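Start from the sequences, fold in the hints, and give me the full structure.
Top line first, the protein sequences correspond to chains S and V. Its first residue numbered 32, the first sequence is counted upward by one per residue in the working numbering. Its first residue numbered 241, the second sequence is counted upward by one per residue in the working numbering.
Any given hint could turn out to be false.
To be verified - Across the chosen pairs, the derived CB separations fall in these ranges:
#1 S:K95 x V:T299: 15 to 23 Å
#2 S:N73 x V:N332: 33 to 41 Å
#3 S:R131 x V:Q517: 35 to 43 Å
#4 V:E419 x S:V70: 29 to 37 Å
#5 V:A491 x S:L373: 51 to 59 Å
Said to hold, decoys possible - Straight-line distance between alpha carbons at most 27 Å, and here's what the computed DSS-like set of lysine-lysine pairs gives:
#6 S:K95 x V:K345
#7 S:K82 x V:K361
#8 V:K402 x V:K345
#9 V:K402 x V:K427
#10 V:K512 x V:K471
#11 V:K326 x V:K361
#12 V:K434 x V:K402
#13 V:K510 x V:K482
#14 V:K528 x V:K510
#15 S:K188 x V:K245
#16 V:K246 x S:K283
#17 V:K413 x V:K427
#18 V:K246 x S:K188
#19 V:K342 x V:K402
#20 V:K413 x V:K399
#21 V:K361 x V:K427
#22 S:K283 x V:K245
#23 V:K402 x V:K429
#24 S:K95 x V:K361
#25 V:K413 x S:K95
#26 V:K482 x V:K434
Unchecked claim - Where chain V lies over chain S, by a calculated footprint (3+ residues, C-beta under 8 Å):
#27 101-113
#28 353-364
Just so you know, the hints here were simulated from the structure itself, not pulled from any lab data. Model, not experiment: these values are computed from the prediction. Just so it is clear, CB atoms sit at the ideal spot from N, CA and C, and this is done for glycine as well.
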Amino acid sequence: MKFSMNKSPKVIAGYTNWRKKLVLMILGGSLGILGVSLVCLNFGVIPIHPKEIFSLIWNSSLDKTNSLIIWQLRIPRITMAILAGAALSTVGGAFQGILRNPLADPYILGVSAGAALGACIGIALQYSTGYYLASYLPLFAFIGAMFSLYLVYMSSKISYTLASTGLLLAGVAINFLFSALITVLLALSKSELHSMIFWLMGDLSTANWSKITIVTIPVIVGCLFLFSSSLDLNALSLGEEEALHLGVDTGKLRIRIFFIGSVIIASIVSFTGLIGFVGLVVPHITRLLVGPDHRVMLPTSALFGAIFLILCDTFARIIIAPTEIPIGAVTAIVGAPLFIYLLQRRNV
Amino acid sequence: MKFSKKLILIFTFLCLALILFFAIQSQKSDKLPLTVIDDSGTTVNYPLTIIDDTETAVTIPQEPQRIISTAPSNTEILFDLGLGDKVVGVTNYTNYPEEATKVEKIGEMSPLNLEKITSLKPDLILAYAGFQLKEIPRLRELGFNVLVIEPLSIKDTLKSLKMVATVCGIPEKGNTLVEDLSQRVNKIKSEVSKITISNRPNVFIGGTYETIYTPGEGTLFNELIILSGGKNIAASLPGWVKISPEFVAEAEPDIIIIPIGAMNLGEESKIKKNISQRPGWSNIPAIKTQNIFIVNEDLFYRAGPRLVDGLELLYEIFHE
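In structure tokens, the structure reads:
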């Protein structure tokens with residue numbers, strides 16, 4: 032970006048005209064989601080003519096198998112991709128803000144490891160008690176995530192370093208601890224627990240309407256909470272001390288965003304498993320495109336994340352059909368080159 | 241907007257309550273009323289309700305005509321029962337029997353391609369619990385009859401065979417097959433019972449990789465070794481375990497068995513050479529006497545009728 036003397040620093044940093052930008056992005060993003068969804072609805076291992084899809088959307092009683100594929104498989108999958116993409120990107124952006132660390136992603140504060148350990152314990156219980164618990168696994172994952180959240184919070188409180196560093200380090204430590212516990216559980220168990228590995232791999236194919244209903248509330252309510260903290264996040268991006276001078280209680284802000292973000296991620300991870308890279312890269316891409324103002328950046332991230340994940344999931348299911356590629360691999364393969372391209376173009 | 245701790249807590253508990261509600265609701269749909277199962281007769285009365293390996297009651301409305309198998313072991317069971325012509329979908333891993341490889345592929349074992357499965361319009365899906373925990377409830381929700389098979393022993397495997405035969409309307413055929421297999425198992429058992437413990441060889445199940453994973457207590461492989469009159473050096477360890485080369489050297493196995501994929505058969509001499517040259521293993525009796533055997537892993541890993549072939553092969557290796 033070229034520096035020009037007749038523009039105020041505010042203009043250069045991209046903090047002006049935020050309302051106009053936001054409205055534009057929301058309109059464009061929503062239209063984008065709608066368009067991408069409609070296009071991706073046409074792709075799948077089974078070729079169904081677009082005309083038929085269109086008529087099935089309005090009248091689902093036409094063909095039983097095809098309407099099952101459209102209404103119970105493709106549409107829920109796309110909807111879940113929208114929710115997961117939006118949630119991961121918003122939380123990723125907010126975490127990068129509170130930790131003041133560009134490498135932060137939604138999983139860095141230990142939620143994922145907690146969810147994994149919780150689900151792992153659920154599977155272990157299933158095999159040791161003989162009681163079939165598959166539908167309770169999201170609950171175990173959520174409780175595990177909440178437990179790790181509590182541990183990270185408590186250990187960051189007693190840390191002697193800078194508050195953001197303390198939180199980050201506590202998160203990393205809990206991540207390692209829980210991953211190690213999972214490894215030990217795997218080593219101690221008979222072969223059953225290996226199904227854990229498959230449970231954990233991010234996957235949107237099992238999305239259904241009741242899961243979507245449940246995930247929608249935490250995602251929408253939580254993301255609105257995060258959006259409403261945008262101004263405080265802007266202040267924090269100037270620096271810890273500067274934010275304090277501006278009257279932002281940075282400690283409280285950090286804990287608040289950490290808790291709300293983690294609850295959102297916990298409810299997503301409990302149902303979809305771990306989908307990597309989205310939460311790390313989409314906020315950066317958004318920042319490159321619309322500037323660092325959180326008021327615009329966070330909602331735009333949500334919309335971009337949704338579009339990005341729909342596209343990645345569609346790739347995952349059609350590229351070498353009928354085999355499905357784990358979606359985490361696709362997000363990285365598509366996202367990394369795109370990110371590097373944008374980095375060099377904007378020269379940031 | 242003001243955020244109090246209370247508000248955040250309420251938010252957290254709301255999410256918890258929602259997920260709990262989801263779990264209870266989906267658990268409910270798993271439970272169905274139970275009717276009496278009779279698998280000793282020659283005919284089957286549909287609708288038939290049966291309890292599968294996930295403790296779920298599955299109701300089969302009529303004799304299945306379009307079956308999808310989501311695991312190679314299930315495919316082998318189906319073809320052994322002569323149900324091959326009713327199988328409409330198998331996974332990429334299916335390699336036995338020959339006819340099964342010609343059936344339409346549904347993709348990997350995990351994640352299952354639900355759209356492909358739906359499009360094949362199956363009236364019975366034989367699933368495998370371990371890898372498909374996520375997909376099984378989803379398939380049931382979509383209205384498919386999913387029978388989950390997850391045998392953890394030879395006895396369970398024979399039971400699954402009978403269950404599949406009953407569900408598919410040929411209980412008699414199942415009984416004959418199981419009878420035949422049990423007889424073969426019993427023959428080995430009675431031979432082995434004559435062999436004193438001191439005459440049973442120490443057996444190590446190795447691999448072609450640097451890191452050693454070996455089957456311990458609770459695995460099908462361990463059961464096969466015990467039944468065929470061998471002493472597994474890892475018998476006291478749980479499940480598939482990683483062990484150190486030292487552990488193997490210490491255990492002094494008399495026989496080393498290397499299970500490999502069917503596609504890699506034919507590289508015996510290379511694999512044997514690699515094993516023999518591992519540092520610190522030159523004093524192992526099995527290496528001194530070159531008692532190293534390369535076997536087809538499918539005979540030992542797949543919970544199907546070919547386990548008995550594996551059992552007989554092990555007996556042959558150990559005692560003949």
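Hints, one by one, checked against the model:
1. S:K95 x V:T299: 15 to 23 Å: 19 Å, holds
2. S:N73 x V:N332: 33 to 41 Å: Given range 33 to 41 Å: violated, Cβ gap about 25 Å.
3. S:R131 x V:Q517: 35 to 43 Å: The hint (35 to 43 Å, Cβ to Cβ) is violated, given that R131 of chain S and Q517 of chain V are roughly 54 Å apart.
4. V:E419 x S:V70: 29 to 37 Å: Since E419 of chain V and V70 of chain S have Cβ atoms about 57 Å apart, the given range 29 to 37 Å is violated.
5. V:A491 x S:L373: 51 to 59 Å: 57 Å, holds
6. S:K95 x V:K345: 22 Å, holds
7. S:K82 x V:K361: 22 Å, holds
8. V:K402 x V:K345: Between K402 of chain V and K345 of chain V the Cα gap is close to 26 Å, so the pair holds against 27 Å.
9. V:K402 x V:K427: The hint holds at about 21 Å.
10. V:K512 x V:K471: 21 Å, holds
11. V:K326 x V:K361: OK: K326 of chain V and K361 of chain V at ~12 Å, within 27 Å.
12. V:K434 x V:K402: 30 Å, violated
13. V:K510 x V:K482: At roughly 23 Å apart (the allowed maximum being 27 Å), K482 of chain V and K510 of chain V satisfy the hint.
14. V:K528 x V:K510: 17 Å, holds
15. S:K188 x V:K245: Roughly 16 Å separates the two Cα atoms, so the pair holds.
16. V:K246 x S:K283: 14 Å, holds
17. V:K413 x V:K427: 21 Å, holds
18. V:K246 x S:K188: 19 Å, holds
19. V:K342 x V:K402: 25 Å, holds
20. V:K413 x V:K399: Given pair K413 of chain V, K399 of chain V holds - Cα atoms ~13 Å apart, limit 27 Å.
21. V:K361 x V:K427: Violated: K361 of chain V and K427 of chain V sit about 43 Å apart, past 27 Å.
22. S:K283 x V:K245: 10 Å, holds
23. V:K402 x V:K429: Distance of about 22 Å is within 27 Å: holds.
24. S:K95 x V:K361: Holds, at about 10 Å.
25. V:K413 x S:K95: 35 Å, violated
26. V:K482 x V:K434: Roughly 33 Å between the alpha carbons, so the hint for K482 of chain V and K434 of chain V is violated.
27. 101-113: holds (count 3)
28. 353-364: Result for this restraint: holds, n = 4.
Hints 2, 3, 4, 12, 21, 25, 26 from the earlier list are contradicted by this structure; the remaining hints agree with it.
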